[in-house]
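Peer 1: Next come the chains, spelled out residue by residue.
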Amino acid sequence: MFSRTLLIPFGVGALALIVLPAIVTVILAFTLYDAQTAPIWRGNQNFIDLFVIDPIFPIAARNTLIFTAVATPLRVLGALGLALLLSPERRGARLYRSGAFLPAIVPEIAYALAWVWVLNPVYGPLNQILGAFGLPQPAWLGSPDTALSGLVLAGAFQLGEGMVILIAGLKAVPNDLYRAASVDGAGRWARFWRITLPLIQPWLAVLLIRDLLWAAQGTFTLTRVMTLGGPYYSTLLMPLYIYEEAFDRFRFGLGAAATVLLVMAAAAATVLAFIALRGWGFDDEA
Amino acid sequence: MKPRHNPVWGWLYHLTAITVVGSGLLILVFMVSTSLRAPGSIPPPVLQLIPDNPSLAAYARAFSDLPLARYLFNSAVIVGIAVPLTLVFASWAALAIAGMGRRGWRIWLYALVALMIFPASAFWLARYVLFAQIGFIDTVWPLVAPALIGANPLYVLILAWAFKRIPRELWESARLDGAGTLVLWSEVGLPLVRPALGAVAVLAFAQFWGDFISPALYLRTDTRMTAPIALQALIQYDRTQWPVLTATAVVLTLPSVLLFLWVQRTAWNPGKIYERVEA
Amino acid sequence: MLNRRWLMIGVVWLVGVVALLLIQGDGSGAQVSFMIFGDPAEIAAYEGLVAAFHEQHPDTRVELIKVADQADYRARLAADFAGGTPPDVMLINYRRMAQFADAGVLEALQPYVEASSVINLDEFYENSIEPFYWDGVLQCIPQNLSSLVVFYNRDLFDVAGIPYPQMGWTWDDFLATAEALTIDADGDGTPEQYGLGIEPSMIRLMPFIWGNGGDVVDFYEQPTGLTMFREDAVTAYLWFVALSTEHGVVPNRVQEQAQDSENRFMNGTTAMFLNSRRGVPTYRGITGFTWDAAALPVGPAGPMGILHADAYCMAAAAKDKSAAWRFIEFANSIEGQTLVARSGRTVPSLRAVAESPAFLDPNAAPANSRVFLDTIPAIRALPRMVYWVDIELIFSEEIERAFYGEAEPLEALRVAGRRAIEYMELEVLRWRGP
Chain F
1 MFSRTLLIPF
11 GVGALALIVL
21 PAIVTVILAF
31 TLYDAQTAPI
41 WRGNQNFIDL
51 FVIDPIFPIA
61 ARNTLIFTAV
71 ATPLRVLGAL
81 GLALLLSPER
91 RGARLYRSGA
101 FLPAIVPEIA
111 YALAWVWVLN
121 PVYGPLNQIL
131 GAFGLPQPAW
141 LGSPDTALSG
151 LVLAGAFQLG
161 EGMVILIAGL
171 KAVPNDLYRA
181 ASVDGAGRWA
191 RFWRITLPLI
201 QPWLAVLLIR
211 DLLWAAQGTF
221 TLTRVMTLGG
231 PYYSTLLMPL
241 YIYEEAFDRF
251 RFGLGAAATV
261 LLVMAAAAAT
271 VLAFIALRGW
281 GFDDEA
Chain Y
1 MKPRHNPVWG
11 WLYHLTAITV
21 VGSGLLILVF
31 MVSTSLRAPG
41 SIPPPVLQLI
51 PDNPSLAAYA
61 RAFSDLPLAR
71 YLFNSAVIVG
81 IAVPLTLVFA
91 SWAALAIAGM
101 GRRGWRIWLY
111 ALVALMIFPA
121 SAFWLARYVL
131 FAQIGFIDTV
141 WPLVAPALIG
151 ANPLYVLILA
161 WAFKRIPREL
171 WESARLDGAG
181 TLVLWSEVGL
191 PLVRPALGAV
201 AVLAFAQFWG
211 DFISPALYLR
221 TDTRMTAPIA
231 LQALIQYDRT
241 QWPVLTATAV
251 VLTLPSVLLF
261 LWVQRTAWNP
271 GKIYERVEA
Chain H
1 MLNRRWLMIG
11 VVWLVGVVAL
21 LLIQGDGSGA
31 QVSFMIFGDP
41 AEIAAYEGLV
51 AAFHEQHPDT
61 RVELIKVADQ
71 ADYRARLAAD
81 FAGGTPPDVM
91 LINYRRMAQF
101 ADAGVLEALQ
111 PYVEASSVIN
121 LDEFYENSIE
131 PFYWDGVLQC
141 IPQNLSSLVV
151 FYNRDLFDVA
161 GIPYPQMGWT
171 WDDFLATAEA
181 LTIDADGDGT
191 PEQYGLGIEP
201 SMIRLMPFIW
211 GNGGDVVDFY
221 EQPTGLTMFR
231 EDAVTAYLWF
241 VALSTEHGVV
251 PNRVQEQAQD
261 SENRFMNGTT
271 AMFLNSRRGV
281 PTYRGITGFT
291 WDAAALPVGP
301 AGPMGILHAD
311 AYCMAAAAKD
321 KSAAWRFIEF
331 ANSIEGQTLV
341 ARSGRTVPSL
351 RAVAESPAFL
361 DPNAAPANSR
371 VFLDTIPAIR
381 ALPRMVYWVD
391 IELIFSEEIE
401 RAFYGEAEPL
411 EALRVAGRRA
421 IEYMELEVLR
431 WRGP
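Protein chains in written order, with my numbering: chain F, 1 to 286; chain Y, 1 to 279; chain H, 1 to 434.
Don't take each hint at face value.
Each pair of labels, with its calculated beta carbon distance range [to be verified]:
hint, chain 1, residue 1, chain 2, residue 2, range
1, H, Ile286, F, Arg91, 51 to 57 Å
2, Y, Ile134, F, Val52, 47 to 53 Å
3, Y, Trp262, H, Val11, 21 to 27 Å
4, F, Arg94, Y, Trp11, 57 to 63 Å
These aren't lab readings, by the way, just hints derived from the structure by calculation. Beta carbons: idealized from backbone N, C-alpha and C, even for Gly.
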């Protein structure tokens, strides 16, 4: 309906900034490359190194899996809860929504830094509050046992963007449907399961995929500022691992191979999420 | 749908909302409260929301230890260029995608999600080499470049969605009046997707404003560095100097908050990404 | 027709952008780019150096690229080399030089030195120069040789009535002092004052290993194996770990996370802190007490120190090599090193500067700056290996774990050995050839 020329800037950008680097990454994944001398082809040796020789890659992969498995549902459910609570137009709702959205626009580096302070085991506000209630005060980032939980906690409070997406979904549900259901005598719970959930499914799918990708790939700043992967690799997630292999230890080939594996895993998870939610049906709701 | 009869529900609602929203905002409260402590002071052993002898000394330190004002200005230049471009390019792409037939629409949705799958770490080195080839190192362009893809393919998706909700008849009648694509975009499309545009503006702003990898990699000259680099540097100098660090974090956060407050008055509040449009 | 309002906004924006970019200014057009990392005090010192250079060489423009963080610095170097646009001159630590030298991206400076009338290697401390040879050719010129020392809080010693650390004090003296200065007044198990602060890492542990007659590799020049498992090394390692696990004279991991040892030293709640000369500019800001520096305690095998040194290196891809050399030459002249030495950051590698008031200024803390010079003969360098960075990182991770009681010390050492052997083999393959 509209001229395709409108897509040119986006297309050029996507090619230059995403597709081209992606191709380069895939090629580098099969090479030995230190960024100083020309890359040397070494077949699939990088992948063998990752699984057989490097003891750190499996740790990073495992951590990432755990983090993704815990943080993704927390974030999606948290955003859903917020959206359900705040989407009705009641007095104060506008204000609450703004308040709930605000943490989403704190620059990530500032956000991560603030969490380091909040999680400080002795002086941090969180443990001071826990202490005031006589609750145990974990060492958070200071212990290999709790550090990853600290990261999850920081991730679980970034709900603003997800909430916005879901409120859009909730608003799109026609009110007549609810009215009809009420007449039929359906309770709140039944209305939620039979009407709300199926109808916001497309938005839920987008959010799920977005949070999945965030947990698997978008944690670089968080880990870089909060823990540097420690103590003893307990918070080493894939993006930081890749960065350190490549930019700190100059093994760009290995880093690229890990990136390729990460992308493949993320793509598989995305497809699974997509299938689990039976497609997203955007095209049906216009 | 709303049980109005029982006032207890109302109170419960406000109580829940304040607790939930408030706990999310605590992080900002702690940031501000810590930043008001005197730099170098020993942290209090118990929780204090307002420190004894609050002072702005930490802010003064943040601005004197580093050319923070200069960095903030540079960041402002970046977002000043990048955010408007993001809105233009993202909405162009979104409009074209929204206008496609069922098949094209579907393909592009998949394509957008596929583009989101590549992590940033896959881009750093390759983009650096690319930017170095075309002489962009140490200019604003590598930092602005993501505007071409609408900062994040997700934002194109949000906008495409919003455009798609505009009834076909509106476009067609405007076209009959002789409007070309650009006019349809600026006069028909944009005004009707203002809330989505507002949302994308705020999110894109936050992204460009908070980016600290790109300046660290692509910039060289000190006088061109952006504000997140200042925070990164201060963390390196002394990662326990909490008043100064949080003061810098507050300074870094403030512009995003101000923009958000302004946008939500004029175009968008987080309750809506699009409005229902009647033909 | 496009709405006029939109057009207006577009035009105003465009004009604004152009104006802003003009304000931002043009590239410096410098002939020599010089990349460093450091905190404000260090950066100020290098700015002074560049300014002084410009005064003498008004026709050669040097542009300073400042990076705050060491990890960012390395990432920048990697990206710069990959992009073919490395800085012309950069500071590289001796533990990392082999990586770059082996890749052939550094311009060997030996021929320049031989032709120079300003730089004479005999005027440098030999143990600062030696690590910067690669294949028998001098690659870079070190600006400093800072060793590890004990910074201590005189006031806390006075209060406790304990004598200040003396040259030649032993490990036992060191431990006894740390124990006496660790005070848990309220008896809650968490001391309010610690006797010692030390980073549990390879570079902090090594002087103790050497001091006990141990070492990390068998041959310095062409190492064939790790020797961290020989008795001398293991004993020293266990002694080091016991400082935390057994004697508790340092903060445990939680306390360290809450507030790190350097910070505790600076606010007067830690009596001794081990650091290189690097800490001095920061500690000069201390107002609450007087502090000084003392030599490391002497181990059973005699006094030992560890080299900390950064050198000026030139990229092989530098565009204007003679200009880059002019700058390196100036930076390592008496005048250049004097300028940087005044910042307090470095122990100058030029004997004349190290012995001069610029370094030994009696009015600038620490009063006993001479200790840095007195310990120079005992300074040793870590091995010059391409894979040293990997080996050091592995050992540091495991040492930290043992130090904080999260792993049995010998088990941690075994794990480190197992992990490091892979890099050791790569190293042997490298110098022996396939």
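Peer 1: If I claimed the Cβ atoms of tryptophan 262 of chain Y and valine 11 of chain H lie 21 to 27 Å apart, would that claim hold in this structure?
Peer 2: 23 Å, holds
Peer 1: Given a hint of 57 to 63 Å, does the C-beta separation of arginine 94 of chain F and tryptophan 11 of chain Y actually sit inside it?
Peer 2: At roughly 19 Å between Cβ atoms, tryptophan 11 of chain Y and arginine 94 of chain F fall outside 57 to 63 Å, so the hint is violated.
Peer 1: Could you check the hint for me, namely that isoleucine 134 of chain Y and valine 52 of chain F are 47 to 53 Å apart, CB to CB?
Peer 2: Since the Cβ atoms of isoleucine 134 of chain Y and valine 52 of chain F sit about 40 Å apart, the hinted range of 47 to 53 Å is violated.
Peer 1: Range hint 51 to 57 Å: satisfied by the CB atoms of isoleucine 286 of chain H and arginine 91 of chain F?
Peer 2: 56 Å, holds
The structure shown violates the earlier hints numbered 2 and 4.
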